[in-house]
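Number of protein chains: 2
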Amino acid sequence: MLAEIITIGDELLIGQVVDTNSAFIAKQLNKIGVSVYQITSIQDDKEHILQALEDAENRVDIVICTGGLGPTKDDITKKTIAEYFNDTLVKNESVLQNIENIWKQHVRTELLQVNRDQALIPSKSKPLMNRLGTAPGMWLDKDEKVFISLPGVPYEMKALIDGEVIPGIKNKYNCPFILHKTMIVYGLGESALAARIEVWEDALPKHIKLAYLPNLGKMRLRLSTKGYDEVQLKQDVQDQINKVIPFIEKEYAGLEDEDGSVEMVIAKQLTKLGHTLAIAESCTGGAVAERFTTHSGASAFFKGGLVTYSTESKINVLKVSKADIDTFSVVSSQVAEAMAKNAQQLFQSDYAIATTGNAGPTKGDSNAEVGTVFIAIANKTEVYSQEFNFGNSRLKVINKAVNKALEMMLKEIFKN
Amino acid sequence: MLAEIITIGDELLIGQVVDTNSAFIAKQLNKIGVSVYQITSIQDDKEHILQALEDAENRVDIVICTGGLGPTKDDITKKTIAEYFNDTLVKNESVLQNIENIWKQHVRTELLQVNRDQALIPSKSKPLMNRLGTAPGMWLDKDEKVFISLPGVPYEMKALIDGEVIPGIKNKYNCPFILHKTMIVYGLGESALAARIEVWEDALPKHIKLAYLPNLGKMRLRLSTKGYDEVQLKQDVQDQINKVIPFIEKEYAGLEDEDGSVEMVIAKQLTKLGHTLAIAESCTGGAVAERFTTHSGASAFFKGGLVTYSTESKINVLKVSKADIDTFSVVSSQVAEAMAKNAQQLFQSDYAIATTGNAGPTKGDSNAEVGTVFIAIANKTEVYSQEFNFGNSRLKVINKAVNKALEMMLKEIFKN
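Residue numbers (our numbering), protein chains in the order written: chain A, 43 to 458; chain B, 43 to 458.
Chain A with its partners taken away, still in its complex shape (with noise of 0.2 Å):
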């Protein structure tokens, strides 16, 4: 069962909006068994749009497209639909009562005329109805394949996604199980590993593929499966890890969360255990804290965070010794130990994290070489820290900072 996805807006094609929608779909396609072929963005234009259904058509047993239905005059996904399928729109009742309660609900002023013309559909189309939204999306068969239309923003197609698309595809297809499972592999570059994992990799049965996903300072391998047989499936890829922890003991870190995260992997230890978490950051600027915070039950476990960016707020705020900062720079083991004693100390918390360092691109309040970063984990008994260089780009001193932090952290509950 292969799937395509096309999304479309100009705005993905000027880079004025990166494309989050097609990974969750895929994602959520993945887990029923649906593998995506290709995914196509393309402008509001409807001689693409045509072209892209054609071409999809031929490729594909699904095809899903998101953006293009705004009330706007620059959206025209839904008429360009129409006409691909020879067909006209025509008002859905239940539509236009959807948008009604919207209206009445959230905006309180007079419905107009573009948002109760939302409820225009292709006649052979059935309404995804969009709770969230006054955009419908739309599924249309056409022989054994499928058209489905959705809105553009990203919570109304999830919500569609999730409650109307994968319901109605797993009622429509026989789909096979598909199974990834990803390995996190910490110190090893990716042809150190390849080499390291040789014999095994050669020995993979055909039905398992294996991918190397190098990422800022970790590694992942995943391994990936598709059949009817989900215990054989699940019995097969776990054999396979079994088999190839033995090459790699001391860089193995564990597999990857299901949502594809190290924090969320730390974040259910902790909350086994009981245990508490604090962080202050300097460098990092609050991208450790937000790493944790997108998920919920982070209150279960995190107690808060400081970030002191300024020399003069570490003092203040978060007590670290001005004669230290004087005595070894603000970027310095010292400085990022003590940063993570007192952050345990202020939010009294099991756990700190703290990062110093200068993310560049020029020195700051200290010295210190761009890219140079301290890292520093407190736990009940002791503090310690880490010195990295990351290199001279911002985003990716702070990016490695962040993972590497989370990979101390997750050494550190793990350590036992």
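Think of the hints as simulated: they come from the structure by calculation, not from any bench.
Just so you know, these numbers come straight off a predicted model, no measurement behind them.
Warning: the hint list may mix true and false statements.
With a cut-off of at most 25 Å between alpha-carbon atoms, the simulated PhoX-like pairs for lysine-lysine come out as follows [what the hints assert, rightly or not]: (1) A:K223 x A:K248; (2) A:K166 x A:K146; (3) B:K115 x A:K251; (4) B:K168 x B:K214; (5) A:K361 x B:K383; (6) B:K361 x A:K361; (7) B:K200 x B:K184; (8) B:K214 x B:K200; (9) A:K115 x B:K292; (10) B:K248 x A:K88; (11) A:K88 x B:K223; (12) B:K88 x A:K268; (13) A:K69 x A:K88; (14) A:K214 x A:K166; (15) A:K361 x B:K364; (16) A:K88 x A:K166; (17) B:K115 x A:K223.
With beta-carbon atoms standing in for the labels, derived distance ranges [unchecked claim]: (18) B:K168 x A:R173: 53 to 63 Å; (19) B:V273 x A:N100: 38 to 48 Å; (20) B:N409 x A:A342: 12 to 22 Å; (21) B:S136 x A:N216: 50 to 60 Å; (22) A:T369 x B:E454: 47 to 57 Å; (23) B:N257 x A:A342: 44 to 54 Å.
Every residue, glycine too, gets a C-beta built ideally from N, C-alpha and C.
Based on the hints, put chain B in the right spot on chain A.
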């Protein structure tokens, strides 16, 4: 001049990785007058890559591929491109030299054969030297068209785009000038805005294209044009902006910054005035601070931030009165305003932003409904707050709260 971006990698098609490369490349191409006609994401599959290259060659002048250049067996882009060009791979001495240098500087273990093999490139190609990694970029001319292959690691790709690809394209083609200007509008929905400016929109000259970009609590209105007379085009777009402002006098908040962020507009204004900012966050968990610290230059105005996620940290660290929390609840205007005032004092800043709310999915430390958020702004003379309900999707609540906090801050610093 048209381009297509082909991003190659199974991780994109299973939704494990969001494709951020395309938006970056598209933005850089736009700046030199190249329009991106389509973005295509495909798997690491030989037949699929060959087909995508052929399709792209039929559609556009410039084809840029990213991904699949690693040293491991799952990476097949280079071999496949050689096959597409009926070419063979030959060792390039300067690429090998570069690989050996990188290895010496960063890896320090023995250079492996798989990495040496990364110096093999199609004989018809010109290498694009990758100073940040071992996979070289490649440039192939075919009649009037260009094929470019780049590594998928974002910072390596970015360095090659800026250092090699953009100068190469400017050198080869006579590109037009492309201009986008994006107006930020608050407080009007998409259709209400369209109704308000309809007369103006209908009279827009043909060479200026208009797009509506709704985004959680704000609207962006983008005017785009393209041609060879840069001065005239800039004038034309500015004229249209001047004409539309009277229709949205109250709601118009200014032009978006070049890199597309409200926070940069705030950052520039604060820096210009020599004013400083502190941030105290509860439900947004560090995300407001991160929006500022992602950009370089934040240390000029950003004093620091606090993530007081737990109620006790609001009391112990931020010194919000326990009586206020007991009387008004932790999600209240009183607490939001106290957080802003105390953060301002703690960090000795001119302004402070504070957020407190319940992002869900459960109620947490207060009885406030999921989605309720209070945002407060403190300036030198006063502190004020607003209450919002952002619905019941956690990420939506967080993102809307961040956007709204930035909007309130934007209005605050431009209010005189």
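These are the hints, each one checked on the structure:
The straight-line distance between the Cα atoms of K223 of chain A and K248 of chain A is roughly 16 Å, inside the 25 Å bound, and the hint therefore holds. A distance of roughly 29 Å separates the Cα atoms of K166 of chain A and K146 of chain A; the hinted pair therefore is violated under the 25 Å criterion. Between the alpha carbons of K115 of chain B and K251 of chain A the distance comes to roughly 11 Å, so the proposed pair stays at or under 25 Å and holds. Pair hint K168 of chain B plus K214 of chain B holds up; C-alpha atoms about 14 Å apart against a cutoff of 25 Å.
For the hint linking K361 of chain A to K383 of chain B, the alpha-carbon distance of about 20 Å falls within 25 Å, and the restraint holds. For the hint linking K361 of chain B to K361 of chain A, the alpha-carbon distance of about 15 Å falls within 25 Å, and the restraint holds. Proximity of K200 of chain B to K184 of chain B is assessed by CA-CA distance (about 24 Å); at most 25 Å being required, the pair is judged to hold. Straight-line distance between C-alpha atoms of K214 of chain B and K200 of chain B comes to about 20 Å, which keeps the hinted pair within the 25 Å bound.
Taken as a hint, the K115 of chain A and K292 of chain B pair is honoured in the structure, with Cα atoms around 23 Å apart against an allowance of 25 Å. Between the alpha carbons of K248 of chain B and K88 of chain A the distance comes to roughly 17 Å, so the proposed pair stays at or under 25 Å and holds. With a C-alpha separation of about 24 Å, the suggested pair K88 of chain A and K223 of chain B falls inside the 25 Å cut-off, and the hint holds. Between K88 of chain B and K268 of chain A, the direct Cα distance comes to roughly 20 Å. Compliance with the 25 Å bound is thereby established for this hinted pair.
Proximity of K69 of chain A to K88 of chain A is assessed by CA-CA distance (about 29 Å); at most 25 Å being required, the pair is judged violated. Of the pairs offered as hints, the one joining K214 of chain A and K166 of chain A holds, with about 17 Å between alpha carbons and a cut-off of 25 Å not exceeded. With a C-alpha separation of about 23 Å, the suggested pairing of K361 of chain A with K364 of chain B holds against the 25 Å cut-off. Taken as a hint, the K88 of chain A and K166 of chain A pair is honoured in the structure, with Cα atoms around 20 Å apart against an allowance of 25 Å.
With a C-alpha separation of about 18 Å, the suggested pairing of K115 of chain B with K223 of chain A holds against the 25 Å cut-off. At roughly 54 Å, the beta carbons of K168 of chain B and R173 of chain A sit within the given window of 53 to 63 Å. A C-beta distance of roughly 46 Å is found between V273 of chain B and N100 of chain A, which places it inside the suggested range of 38 to 48 Å. For N409 of chain B paired with A342 of chain A, a C-beta distance near 18 Å keeps the hint of 12 to 22 Å intact.
At roughly 54 Å, the beta carbons of S136 of chain B and N216 of chain A sit within the given window of 50 to 60 Å. Checked against the hint of 47 to 57 Å, the C-beta distance between T369 of chain A and E454 of chain B comes to roughly 40 Å, which is inconsistent with it. Between N257 of chain B and A342 of chain A the Cβ separation comes to about 31 Å, which falls outside the hinted range of 44 to 54 Å.
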